[in-house]
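Protein sequences, first through last, are from chains A and B. Under this note's numbering, the residues of the first sequence are numbered 1 to 344, in order. Under this note's numbering, the residues of the second sequence are numbered 1 to 160, in order.
I should point out that these hints are in silico values taken from the structure, not numbers from a laboratory. Worth double-checking, as some hints may not be accurate.
[To be verified] Facing chain B, a subset of chain A residues (Cβ under 8 Å, in silico):
| # | residue |
| --- | --- |
| 1 | 57 |
| 2 | 61 |
| 3 | 88 |
| 4 | 89 |
| 5 | 118 |
| 6 | 149 |
| 7 | 153 |
| 8 | 155 |
| 9 | 156 |
| 10 | 330 |
| 11 | 331 |
| 12 | 334 |
Here a beta-carbon is modelled for each residue, glycine too, at the ideal position from N, C-alpha and C.
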Amino acid sequence: MGTLSRLARRLADLVGAHRAALQPAVCGPGIAKLGATPLDGLPSVGLARLRGTHLKYFAPSTVEEAVGLLAQPNTKVFAGATDVIPQIRAGRPEPDALVDLKKIDRLIAVQCTDAKWIIGAATPTARLTANAEFSAEFPGLAEAAGLIGSDQVQSRSSLGGNLCNASPAADSVPAMIVNGARVVIATANGGTRSVAVQDVPTGPGRTSLAPGEFVVEIEVDRAPARTADAYLRMIPRTEMDIAVVGVGVRVTLDESGKVTDALVALGAVAPTVVRVPAAEAALIGSTLDDAALAVAAAAASAACNPIDDKRGTIAYRTHVAGVLTRRAAVIAGQRAAEKNGASR
Amino acid sequence: MSRIQVSCTVNGDPVDFLCDADGSLLNSLRDELGLTGVKEGCGTGDCGACSILLDGELNCSCLIFAPEAEGTTITTVEGLANGDHLTPLQQCFLEGAALQCGICTPGVLVAATSLLNHNPNPTETEIRYALAGNLCRCTGYDKIVRAVREAAAQIRETSA
Ligand SMILES: Cc1cc2nc3c(=O)[nH]c(=O)nc-3n(C[C@H](O)[C@H](O)[C@H](O)COP(=O)(O)OP(=O)(O)OC[C@H]3O[C@@H](n4cnc5c(N)ncnc54)[C@H](O)[C@@H]3O)c2cc1C
Ligand code: FES
Ligand code: FES
């Protein structure tokens with residue numbers, strides 16, 4: 001921030017503090033708790049207007065309340081804000097209101113039933129990966145979620161935000177897709193609808209959510225017997241980077257070690273995460289032998305439609321997608337075999 | 001225009017401040033509360049210089065909207081020492097010369113404190129991963145890692 005705008009900010013802060021002191025009833029803690037910041041009726045001050053302080057902040061405690069708030073145009077939900085804040089700081093146009101989803105209990109919860117896991121869309125990934133049962137049942141998804149940023153970022157970043165930010169390189173998305181994850185969406189009319197995770201992002205930064213909708217939770221069916229997933233990504237560093245290629249694989253084995261089901265999804269090689277049916281077909285019926293892995297790797301490379309940038313050329317991303325598909329399939333297969341007869 | 005009043009506990013003291021809806025907690029801590037140990041390196045979550053504990057969890061204060069702090073308990077680097085009595089970690093940083101220019105140091109200390117709170121006996125690899133969100137352009141990290149290991153050993157000894 002430039003010195004001038006810093007000065008402006010400081011001055012406007014002083015003005016704001018002074019005005020608040022004049023208007024204790026308006027700026028009292030009760031109102032702050034609700035998150036509502038009604039206009040105080042005083043003529044606005046030039047400096048303050050420069051800073052765009054019309055922006056409102058809400059922290060609803062129920063899904064219904066959040067749906068009501070989202071009826072206002074140009075209102076944006078956020079969970080961890082680890083994408084939203086860098087985007088605003090980079091100059092992306094600001095909304096008129098921000099709605100923090102983290103005060104809604106249902107959105108910050110990890111539950112397990114006999115049939116499925118239900119993950120609140122705003123749950124910090126650190127909390128999800130700390131769940132030992134979840135991580136044992138979905139090691140690949142837990143690894144993918146745990147790869148997002150630093151420990152600092154992990155305290156905030158959510159699966160809902162990773163998905164709805166709609167980056168083609170979002171780490172958790174291929175891993176969610178190979179586990180057949182669905183999202184429960186709160187709709188503008190007060191109902192809910194459920195769609196597959198892969199149907200949410202429609203292109204970089206774009207989703208199929210209608211205005212006023214948001215993701216309430218992510219559902220993943222319990223993993224069948226002898227089933228395991230793996231997620232691998234290529235980054236030029238060891239930590240703190242965005243995937244050049246990300247690959248999620250899940251396999252199910254029969255008692256003899258033959259693959260009866262396989263799912264393969266690639267991140268960062270196309271405008272959205274892509275499933276690779278040809279790679280899946282190559283793995284199904286195999287024992288994850290070299291020949292099958294080679295066909296699956298070639299199919300994964302063939303499914304790539306990547307961008308060419310300084311972080312990875314088209315040729316590099318295409319090649320690496322094949323290599324990682326092979327490796328992830330082997331890891332998933334080993335894990336599934338270790339689960340042996342155990343149902344989970 | 002109107003500003004939002006936030007009440008929270010910072011380094012053990014109840015505090016109130018006024019902020020804008022889109023203001024960062026980092027700016028409120030520095031400009032409203034005078035806690036300039038919290039540094040701004042990037043403002044986008046990459047460098048960790050703004051690290052704080054929020055309800056005991058390690059966070060970048062630049063990645064938090066100031067109104068989100070309502071009702072929370074925050075620890076900044078200013079809240080680590082007990083008066084003039086430095087923590088073993090801070091003492092080890094001094095003695096091991098684990099800092100040069102010092103701008104990253106408050107964030108590193110908070111992140112390493114969080115690590116030692118969760119894991120009293122971290123390996124070198126665990127320390128390096130735990131501090132991956134804290135960039136230091138001076139030290140080359142080795143002295144930082146050694147200071148954290150030394151502090152962990154001292155803390156284990158005194159609590160044994
Ligand atoms: C330093 C740093 C490192 C990072 N490293 C990685 C990485 O390695 N891999 C990776 O994949 N990402 C990474 N990210 C990006 C980011 O942390 C992740 O995408 C994270 O999962 C976003 O979650 P969030 O809760 O913070 O999202 P937010 O920022 O809160 O939201 C992101 C977007 O999703 C929308 N949204 C959020 N929740 C919902 C919901 N429930 N319903 C509908 N829309 C919603 C928001 O409106 C916004 O458009 C990194 C970010 C930083 C700052
Ligand atoms: S200033 Fe917050 S991470 Fe760099
Ligand atoms: S001591 Fe200078 S950045 Fe770390």
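ask   = Close enough to count: is the Cβ of residue 153/A nearer than 8 Å to one in chain B?
value = holds (6 Å)
task = Return the status of the interface hint for residue 330/A: holds when the least beta-carbon distance to chain B is below 8 Å, violated otherwise.
result = With a closest approach of 24 Å, the residue 330/A hint is violated.
Supplied contact hint for residue 61/A, tested at 8 Å Cβ to chain B = Violated, about 12 Å.
Interface hint status, residue 149/A versus chain B (Cβ within 8 Å) = At about 7 Å, which falls below the 8 Å cut-off, the nearest Cβ of chain B leaves the hint on residue 149/A intact, so it holds.
request  = Hold the hint about residue 334/A up to the distance rule: shortest CB distance to chain B must be less than 8 Å.
outcome  = With a minimum Cβ separation of about 22 Å from chain B (threshold 8 Å), the hint on residue 334/A is violated.
ask   = With a cut-off of 8 Å, does the beta carbon of residue 155/A approach a beta carbon of chain B closely enough for the hint to hold?
value = With a minimum Cβ separation of about 5 Å from chain B (threshold 8 Å), the hint on residue 155/A holds.
ask   = Hint check: is the beta carbon of residue 331/A less than 8 Å from a beta carbon of chain B?
value = violated (20 Å)
key: Per-residue hint verdict: residue 88/A, partner chain B, C-beta under 8 Å   = Nearest chain B Cβ about 6 Å off; hint holds.
query = Is the hint on residue 89/A kept, meaning its closest Cβ partner in chain B is under 8 Å away?
reply = holds (5 Å)
task = Please verify that hint: residue 118/A, Cβ, nearest Cβ of chain B, below 8 Å or not.
result = Not OK, violated: residue 118/A not within 8 Å of chain B, min 23 Å.
message = Can you verify the interface hint for residue 156/A: is its Cβ closer than 8 Å to any Cβ in chain B?
response = Residue 156/A check passes; min Cβ-Cβ to chain B is 6 Å, inside 8 Å.
ask   = Under the criterion of a CB-CB separation shorter than 8 Å, is residue 57/A in contact with chain B as hinted?
value = holds (4 Å)
Of the numbered hints given earlier, the model fails hints 2, 5, 10, 11, 12; all others are met.
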